[in-house]
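Protein sequences, first through last, are from chains D and Z. Start counting the first sequence at 75; every next residue gets the next number (the numbering used here). Start counting the second sequence at 75; every next residue gets the next number (the numbering used here).
To be clear, the hints were calculated from the coordinates, so they are not data collected in a lab. Do not take every clue at face value.
It does not matter which identical chain is meant; a pair holds if it fits inside one copy or across any two.
What the hints assert, rightly or not - When the alpha-carbon atoms are kept at most 30 Å apart in a straight line, the in silico BS3-like pairs for lysine-lysine are as follows:
1) K239 <-> K95
2) K95 <-> K199
3) K307 <-> K382
4) K85 <-> K95
Residues per chain, in single letters:
2 protein chains.
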Amino acid sequence: MLNFEYHTPTKVVFGKDTESKAGSLIKEQGCRKVLVHYGSGSVIRSGLLDRVYASLDAEGIPYASLGGVVPNPRLTKVREGIALCQREGVDFILAVGGGSVIDSSKAIGYGVANEGDVWDFYARKRTASACLPIGAILTIAAAGSEMSNSSVITNEDGLKKRGYKSEYCRCRFAILNPELTYTLPDYQTQSGCVDVLMHTMERYFNQSTNMEMTDGISETLLRTVMKNSLILKKDPQNYDARAEVMWASSLSHNGLTGCGTDGGDWASHQLEHELGGMFDVAHGAGLAAIWGTWARYVCKDRLDRFAKFAENVLLIPHSEDLEQMALLGIQAMEDYFRSIGMPTSLHKLGIAPSEEQILELADKCSFGNTRTIGKVRELNREHIADIYRLARGI
Amino acid sequence: MLNFEYHTPTKVVFGKDTESKAGSLIKEQGCRKVLVHYGSGSVIRSGLLDRVYASLDAEGIPYASLGGVVPNPRLTKVREGIALCQREGVDFILAVGGGSVIDSSKAIGYGVANEGDVWDFYARKRTASACLPIGAILTIAAAGSEMSNSSVITNEDGLKKRGYKSEYCRCRFAILNPELTYTLPDYQTQSGCVDVLMHTMERYFNQSTNMEMTDGISETLLRTVMKNSLILKKDPQNYDARAEVMWASSLSHNGLTGCGTDGGDWASHQLEHELGGMFDVAHGAGLAAIWGTWARYVCKDRLDRFAKFAENVLLIPHSEDLEQMALLGIQAMEDYFRSIGMPTSLHKLGIAPSEEQILELADKCSFGNTRTIGKVRELNREHIADIYRLARGI
């Protein structure tokens, strides 16, 4: 078991009608002016944005607004947000949306609170020393950005999707009302569930000794999300199922499921980031499409973990043959992905990268052959290209 | 599932040698002068206090010291601490010890940061509006005070043991080094494990609908603590077992195991508080001595929960007869208590309250017959006296 730090200062306000508390929660932060940041028109059409404005008005909090954030959020929009905040004297950002909007808000927050070009942080040229305070009203359970220390932005110049982590960007509060996710299309709901699962699975598959508390929490989280995603497939307005998945999304990525470990193996996320940057696929769907291939490629280096995962999450019967257990577990996970309508190959994801594109993806993912990814098995540019090729499928 | 708030701002620094970070962690808080607050001489003899002082000296942080906190910490000592802090201009308290020291530090923090008599908060006459910032270096896994919003103080005037909760007292940081608990006597270790278990069990047995995520986390926490307390019985210097129990102690009482519920049924704690006030017993041992009697007294009002507890925590086989499952679960829990050397009756706890004392305990516990306790079943003064009588045992 390794030493660890765990710090989740985000105040969670969970349940029905909690968006009405936005104004009072921001008031507690003592800010001058808020940027209300959102994505598509759905938050306008649903009336959510009007309720948020009413809550701010009730507390006498002035605000500016910026919509139009897209999935795989773009650097151009971040720069637009930074300029707007500087012009308007904004000192608090309220993100109303999912991971893309919250991540974009974090990037804007870095851009306003630090000198120089915000992309430097994502390009690993510099580290940030501050971030504007951020609050979130979540509209999809997926990225876990509402409690995490990370954000991911896509730079249109070269279609590079890059993440940056620091403690400065943790949300001051997160308003989690499961009802706000009732109207999501099923594909978005299920893609979100995969993302939630993967934030715990990436931590679970590591190359260190582990902590029983962490493993137990991780396994219960995975089983709970799988069970409830199947309920939502048939009954998308099931409050309890929406709530289980939403709470899991926050716990999956706030650090709890990595305590005492080496932080895990984030190869699937890194492989998917390049797909998302080049093809603009839904993040969770991209993860489902790549995971099984990655898992079969690396599982021999950590058969004990894959067998434990198979037994405790997929309920594969215990056997002495760890490799067989591992492979049955991977297969069961892929069966589950298919049962919720998620792809298990690039073909089923709807993309067919050429050999040239695969080499480009592998080159980008390895930062031009200057880094390896993964911990269960360390993967270089050639391994990465192998996995993309094997994941193509039919 | 009920709406909830979850806010755990305490920064956890977990693992070997982490006490050496005390100085830098306090430095981050920007305070002028620290009170180093501790209990018995064991932290002196072990050299821990010297290491803490060295860490403060290295950062140039001035400090005053106050030792002598006892289990079931006393109001007189709290008043002494308040006066010392006021005299010395202390603006940060570093608690070096277990729940008694941290709770005592919280009470001192309230006393310094608010006007008037600090006992008013515990007597429910007023609410606090502030608390001095507190950090903790934990030396026993038990009370969970290092991440909780609660503290419990005993007023020698009438031997009343009372708790007070507010968000102001949450520790800024908690240093959790499992090695610091190696030298605890077994009785203290096991009594601590019971306290950790009970903080989750009190939340688990409630009168509301529940959340699968919360139940799953609770059940894995209970199984993990039970398993590792048995390991510690034979191998007290097992690092991993100490670490599992220590991390569980913080998660058990920081709010995580109550999310989405009505907050739980704290009758066992309230019954034990009066025992602790009158007889000065170890808190966890007192809880073990009373729990089984309480559980049998109330379980018919929530057989589904007791049966689920029996099946998922004690591994009692599923059956249609929920009452039988519930009773088998309670019996198995008592068997476990006995296996770690904990008492399952007041007699085994070493106390034999007279009928007169039982009436006095029941009167105090019901605040002079002005409140009921419990949620699974609401208990009045007469029920409370019944339970104390039934718990006497042989």
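Consistency of the hints with the structure:
no.	hint	result
1	K239 <-> K95	both (28 Å within a copy, 23 Å between copies)
2	K95 <-> K199	between (39 Å within a copy, 29 Å between copies)
3	K307 <-> K382	both (27 Å within a copy, 27 Å between copies)
4	K85 <-> K95	both (12 Å within a copy, 26 Å between copies)
Violated hints: none; the structure is consistent with every hint.
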